[in-house]
Each structure stands twice: as C-alpha cells, then as structure tokens.
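With the sequences and hints as input, model every part of the structure.
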Amino acid sequence: MKQENFLPKDYSPAEDEPFMNERQVEYFRRKLLNWKIELQAGSRDTIEGLQDGTRNIPDVADRASEETDRALELRTRDRQRKLVSKIDAALRRIEEGEYGYCSVTGEPISLKRLDARPIATMSLEAQERHERREKVHRDD
Numbered sequence: 052m053k054q055e056n057f058l059p060k061d062y063s064p065a066e067d068e069p070f071m072n073e074r075q076v077e078y079f080r081r082k083l084l085n086w087k088i089e090l091q092a093g094s095r096d097t098i099e100g101l102q103d104g105t106r107n108i109p110d111v112a113d114r115a116s117e118e119t120d121r122a123l124e125l126r127t128r129d130r131q132r133k134l135v136s137k138i139d140a141a142l143r144r145i146e147e148g149e150y151g152y153c154s155v156t157g158e159p160i161s162l163k164r165l166d167a168r169p170i171a172t173m174s175l176e177a178q179e180r181h182e183r184r185e186k187v188h189r190d191d
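If you read the sequence shown in the working numbering, its first letter stands for residue 52, the second for the next number, and so on.
Hint data in this document are derived by calculation from the structure and do not stem from the laboratory.
Every residue gets a Cβ at the ideal spot worked out from N, C-alpha and C, and that includes glycine.
Treat each hint with caution, since some may be false.
Result set (DSBU-like, lysine-lysine): computed pairs, CA atoms no more than 35 Å apart in a straight line [stated by the list, open to error]:
1. 60 x 82
2. 82 x 133
3. 133 x 87
4. 82 x 137
5. 163 x 133
6. 137 x 186
7. 60 x 87
8. 163 x 186
9. 163 x 137
10. 137 x 60
11. 82 x 186
12. 137 x 87
13. 163 x 87
14. 82 x 163
Label-pair restraints from in silico Cβ distances [said to hold, decoys possible]:
15. 133 x 180: 19 to 27 Å
16. 67 x 146: 23 to 31 Å
17. 130 x 161: 22 to 30 Å
Below, the structure written as structure tokens:
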C-alpha cells in the first residue's frame, strides 16, 4: 500500500505550484475518498430506512405519498451509485498518473474545475464542445 503524503489541514491547490504535484494528487485523492464514503453512508441509511419503513398505511393517499417518496429516494441513490463508479474511475486515473488531464485534448483541467467537480474527465472547453455536439445531434 502506498504511503500517505502529509497534507496540511488548510491545504488548497494553487495555480502557482507544479500541476498535479504530490500534494495536489493527495488532496484530490482524499477529496474523492471522502466523497465516496459520504455517498456510501447515505446508501446504507437509505437501505435501513427502506427496510424499517415497510409498514401498513391504511390511507390510500398516505400510502401513495410514501411510495412516491421511496421511488424518489431510490432514484437518488441510483444516481449516487453511478457517481461512486465515476469516483472509482477518478481514483484509478490518480493511480495511473492520468488524473487532472483532459481525456480529449490531453491538456490540464483547471484546478478550479477539479475542485468543484473532482470526477471531471474533460477541460471546460472540451466539455462545452461535447455538450454542443450532443445538443445538435439530439435536435436532429
């Protein structure tokens, strides 16, 4: 197992340091791992809530409302499950030394973008081009 790098508690990646140096990589690795732990804890809570929440509700309207709430919760958890797989992919990119670089252009993804969306695989410009092409094809 890889030795954990020291990272000051108040550390934040800066544009004036070398891109994806050890501290930046460790910062994003920890950010991704913490996000994954939060999502998985939420999933456990949902499962426990669904198992505990199976009760007989006599009122039809209340039962329909309860089922709607459950369906919404399950949809949310499904999105979060997909997000966990994207986090795992980002962690793999860190291990492979590819994290932080655009999968389309190979250029560095801005630190601000990575901080806001650590699972990003494209630079903002490449993402915008991709979305424009997607919209054009969808409108056809």
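Status of the hints after comparison with the structure:
no., hint, in the structure
1, 60 x 82, "holds, 12 Å"
2, 82 x 133, "holds, 17 Å"
3, 133 x 87, "holds, 11 Å"
4, 82 x 137, "holds, 13 Å"
5, 163 x 133, "holds, 23 Å"
6, 137 x 186, "holds, 23 Å"
7, 60 x 87, "holds, 19 Å"
8, 163 x 186, "holds, 25 Å"
9, 163 x 137, "holds, 19 Å"
10, 137 x 60, "holds, 26 Å"
11, 82 x 186, "holds, 32 Å"
12, 137 x 87, "holds, 10 Å"
13, 163 x 87, "holds, 20 Å"
14, 82 x 163, "holds, 14 Å"
15, 133 x 180: 19 to 27 Å, "holds, 23 Å"
16, 67 x 146: 23 to 31 Å, "holds, 26 Å"
17, 130 x 161: 22 to 30 Å, "holds, 25 Å"
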